[in-house]
Structures are given as C-alpha cells and as structure tokens.
Amino acid sequence: MPTEILMPALSPTMEEGRLARWYVKEGDRVDAGDVIAEIETDKATLEFEAVAPGRLGPILVPEGAEAVKVNTPIAVLLSAAEDGTEIALPETPPAAPPPAPRPAARGARSGTLREPGWDADLPRGTLTVREALRDALAEEMRRDDDVVLIGEEVAEYQGAYKITQGLFDEFGARRVMDAPITEHAFTGIAVGAAFAGLRPVVEYMSFAFAMQAMDQIVNSAAKTHYMSGGAVTCPLVLRGPQGMGGRVGAQHAQCFASWFAQVPGLKVVAPFAASDAKGLLKAAIRDPNPVVFLESEALYGRAFEVPDLGEDHVVPLGRARVWREGTDVTIVSFGAGMAHALAAADTLAEEGLSAEVIDLRSLRPLDTGTVIESVKRTSRCVTVEDGWPVGAVGDHIAAEVMRGAFDWLDAPVLSVTGRDLPMPYAETLEQAALVTSGDVVAAARRVCNR
Amino acid sequence: MAAEGAGAMGDPVEETLALYRAMLLIRRFEEKTGQLYGMGLIGGFCHLYIGQEAVVTGLEACAHPGDHRVTSYRCHGHALAAGVSPEAVMSELLGRESGVNRGRGGSMHMFSPAHRFWGGHGIVGAQVPIGAGLALAEKHRGTNNIAFCYFGDGAADQGQVAETYAMARNWQLPVLFVIENNAQFAGAPVRGRAPALLERARAHGIPVQAVDGMDVRAVRAAGEDAVLHVRAGKGPYLLEVKTHRYRGHSMADPAKYRRAAETPRQREDRDPITSLRRQILAEDLASEDDLKAVDREIKEIVSAAAETARAAAEPDPATLSQHVYAEA
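Those sequence lines, one after another, are chains A and B. Here the first sequence is numbered in full-length UniProt numbering, starting from 1 and rising by one per residue. Here the second sequence is numbered in full-length UniProt numbering, starting from 1 and rising by one per residue.
Please note that a few of the clues may not be correct.
Okay, the calculated beta carbon distance ranges per label pair [as the list claims (entries may be wrong)]: (1) W408(A) <-> D316(B): 20 to 28 Å; (2) E327(B) <-> V35(A): 53 to 61 Å; (3) P288(A) <-> R278(B): 47 to 55 Å; (4) G159(B) <-> W408(A): 45 to 53 Å; (5) A9(A) <-> A114(B): 55 to 63 Å; (6) P365(A) <-> T143(B): 34 to 42 Å.
No lab work stands behind these hints, which were simulated from the structure alone. Keep in mind that this is a model prediction, so the values were computed, not measured. Virtual Cβ for every residue (Gly too), placed ideally from N, Cα, C.
Given these sequences and hints, build the entire structure.
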C-alpha cells in the first residue's frame, strides 16, 4: 500500500514552510530514519526523515516550493511489499485527501492587517513583526556600539525564533553573545554591564524562563536607580516571546504583563503591530531605564501593511494607539489580545455596534488618559488580555476608568481575560481556556445592553 | 581609588601606613555605626565589617583608577575603601539627604558611580553576576580595567554564582572574584559543612588562591598576583580570603553560636589592625607616637562624620517620587 508522506510541523505554531530540498529521488529506496528532505520555516531549518522503509513513489511537491501547508502530501512512499519489482509510477497522483483538521484559527496569526494612522498616499509594503524586531535591533546596533545582545542561541543559530537573524554575521561575537542556559546569571551580567554603560538587550527564549531571573530583574535592575538616589542607571532591554496556546502546556504559556507592570522602576511594553514592534523596541533600547519588552510568538509571523518606516521610526514609550475609532464601546487591549479586540470590533460592526479599539502598547507607563478620554465619548469599556484574571491589567484599567470617568460610565467595565487556571495541554481544554474574539463580543454586547 | 591612595605609591613605608590608616578608619567607623545603631539612629538591617578590614583594604591597594567594585549588603567598609567619604556613608546610614545615595539606599544599598562602586546589594549572591557584567563592559571597550567582585562563603552556595563562574570563564571576563570566607553564614558556623569553595571555581577552569585574610600584607600580595592575571586579559581569577567576623551577622544577631573564648583570642593574636601595628613598630616604619597620632586623627574623622550626619537634614517627603526613573 502506498502511503502519503505529509508536510511535517516542526514547531507547535508552524502552519506552513518551504520544501528546501529533496535528498532522494523518485524510485530511490529509503529506510526508516533516512533523511529524505529539508524543510525550512521562517524560524528554523530541519531535516525530515522517513518513518518507514520502502521506495519513494511520486514526489508531489517539488524542491523549492514555498508556503507548503502542514499536512499537505508531499510524496508517496511505496511499501516494502512492492519492493524488488520495477516500480510503475502511477500516472496521476492519488486524489488529494480532504484538508487535514487545523487548529481553530487564532486571530493573531491570520491575514495581513493594514495599519491605520499612516498617510493614505504613502506606498505600502508588508512587514512582519519578526522583521520589524530584527530591523530595530540591527539599526540600533549600527547606531550605538554599546548595544549588545545576550541570550540563548542568539548568535550562530540566529535566535530560537529567528529574531536575531543576520545580526551575528553583521556584528560578530563581540556584540552578539550566546549565553549558556543560565537566565539568572546572564540577566545579572546584563545588569552589571548596563550599570557600567552598555545597553544590553537580553533575549529570553521564552519569558517563562525569565522567572529564573526575577530577582535580578526586580531587585537589581528595577530598584537600583531609586536606591542609589538617582546615581546609577540601568539601560537594559529584556525581551522575548510569551504567549498562550500552541499546545505547549502550562509552563510555557503565561502572560506576564501584569506581573512586570506592577514594578516601579521597570518600563513594560507589549506591541501588537509591526510598526510598533519596531518603533517601541528602538525606543526601549534608547531608554535609560530597564524595559521589559513582551513579544508574542503568535504575532512573529504576522504581516502588517505599512509604509517604509526608515531608521527614524521611534515610538515613544507610554503612549496608547487608537487603532480604530468608534462611538458605542471602548475596547482596550495590548499585544496578542489586540487580535481578539479587532476581530470582535468587526463582528460588532456587523451588529451595528461601533467599537473604538485602543492598543495600550505600553503597560508602564500606562496611557490612562487616552483610555479615559475615549470612555468619556463611548461610556462603555471592555478590556482584553490573555493573562489571568486576578490582578489583571484590565482590572487596573477598570479602576482608572472608575476614578477618571465615573460620571460618564453607563455600565461596569468588563475585563476579558484568560481563565483562572494553568494552561491545559489537551486541545479541547486549551481551546476552552483561551480568550477568543467571541468572549470580547459577548462582553461588549453586555455593556451595551444587547 | 583606595582610601588615602593605599598602594601604587612606591614608598613601602607610606604604603604600609596607608594600609593601617585605611583599616583603622573602617574599624572606628563600624564601631561608631554600632553605637549609633544602638541609639536607634540607624534603622533596619545593619551588617558590620569589624574583623574583615584587611580583605578590602589589601585588595583596594591593588586597584587602578577605572577598576570597578561590587559587594554584598556588608558594604560600609567597601564604600570607604573605594574612597567614598565617611560623612557620605554615615549620612546614608542615618537616612540623611546628604547621604551617598540621598538616604534612599541605607546600610545595605550604597552606590557611588564616581568611585566605580556599584553596591551594596541586599540579596545574597546577586552582586556576583553583576560584577561579571561590569567586567564585560570593560572587555567590550577594550580597556584593561577589571572588576573586583566580593561575596561571602554563604553566597558562594547560590546557583547564580556557579552560572557566573561558567560564563566569566567562557567569555574570559576581567573579573576578580573574592570570597570573604568569614566561616559563618548568617547565624550558623560552617562546621560540618564542606564548602570546597576553591574546588568549585577550579572546576570551571578559574585559577584560584587562598590567602590569610587577617594579614593585610598577605592579602595585598595575593591580590597583586591575581590582578596581574586578570588585567592581562587572561580571564577571571578567584581568591578565597579567610577572615573572621567579630560581630554577629547583623546587629540583630547576638552571635551566641561562637565559642566564648574564640573572639577575644582572635583579637589578641590575629587582629589585622593590631598585627600590622606590631609589624610597623617592629620594622621601625613608624614610632608609637606616630601611630597614636594616626589613631587620634581617625577618631576625629569618624566623630566628625557622625556629628555631621546627625546634624544633616532628612529627605523632604516632597522628594519621595524622585528617581524612580532616569530621564532620557
């Protein structure tokens, strides 16, 4: 029986990849474990092995094919029973199977978004968040020799998520430093280097691993400027992905926004759009304070339509961005939560509700003024975040809105958050735990009495 | 950078007297600190350096301008040895606006970038990677400045210390690790424990040396060797300096775990200041009268620092929110 060889998923979030190379040709004999092809994603390149012995039948996807979806048949493997005979290649490939079941689309990863707020006449291209972050790092490293990168696999491997692609080649080992798996110490080393005037950018492979370094982040980086009466500065960026979902289970899936946002002395940034990822990272690197820069793995590959940003595109920390104007309800979010907020605003529009969507972009300093001014116009507010509900960023926003716009409010502020539990692994449970745009729509309807 | 320019002066007599002065300043300063703490003028946790003076004094004599230093919460002596004025340190202890950190840091958190003194860290062991980071900055800039990174035998058990050894060795960082082994971590003596302090660093490929921390000249001699290695770009070096803390871990620790006869005997036989005093007289480097004059002078400096600090203004509550963030 011929079996189909399917395009493999190399990571929890891979949706498609490039078939870089076939190591075997039609008719070749393969053993289980033989490398048969090389697959590339924007994050990684991996060799792909046969799982069973046999002869390679027709190759369905040629070498060099781009954007091959996961689970697409890429070749046919003829079983051992057919071995020894002259293989008659089928005239036509087998009928395409029904599309493989796909995880429910997470808004953060689908489609190219046109960014608002730019001059309509400017020609636009697409920029992914990954490219935006890399451009920011490269530009700031060219601008200032004191900017150095420290992290696991940031140098020769080009970053676990390929954010630092090309930087080791351009700047060398003096500026781009591979650290061992020692978050506690390499964060402390970055703090010391920052005291002495460097501008280290620390990459955590996942922000979950930054928990190992929490003491250095809070006690050493955040507090020293104050403790020293303003004498010592710590110009440091701590960046990396966090995120929910992806079937990674509880220890890799958590939103740390509210934890870090609680700490005086830190600045905290969580971008959504590509232009903000670039402009905020440049601002964070130039800032004389320690900046926690929370990225989302789900957003790395997402493309945004933007004009050419250039090297002068710096977005000041602490200013929210009104992504979409509206009159009936203010939806406030940041980072990956913005995808749910924007999708919800589309749905609400179909129902005749006009939602204003605000991207906080920075969580400390927090631009409460923009939120309060918006709520004074809409009189209703919903907050959206992936993180846990107790001590959520949204609850702080709710308190600020209550203080600043109490007389304008027509309904309680509702916070849409992740569920109050460690992230489960099973797909059904994970889907039930994740924030969806439907949750946001439901909350918006409630505050609008719909 | 060391107080009164101990070391690098060329004149061996002056150098030795400078070591004596520097140690005596720390001793008298810490005695005064203990008094003021007892009077309720100093708040919170307060860790005295009495008995350990030879460690920082001997090593500061090996420092060049441009070198960095960082230590734990037991930092008053290190601040003084780095050249921070007694008034500024005492004012900080009393929580005065005139303190080295405007009264925001206190006993455990003192910093003076002008003296390249980077704390004063209250979390045990946290200063170790920070010290390596100071060294990284110098390596990045291609200077031959080094970082002196002090920590105790208790801190040496921290995981981040082992992590730092590995990274400092791999990156060949110009850092001198100094374990001030006072043979007691917090409230317990180390008897029954196998510290293996040198072996741990050696396992990471870091050259090590143990030295008698009650002999300031021995500390300086060992320091010169270590500093030569580090400054030459050969990577980190570790000194285990065996010292003796006379008082409890902090002012709150009555140190009842000591054997009763231990401290007086130590003081009599091995005290770093009286030992050096004996040597100075035996070697005829100075007269009894000369040393008495030094004693009087140091006493006056410390008294004046205490009086100045007591008279200084406390911070204005209106300034409470200053310095949370640095301005761009």
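Checklist line | Structure-inconsistent hints, enumerated in ascending order | finding: Hint 1 is the one this structure does not satisfy, whereas the remaining hints hold.
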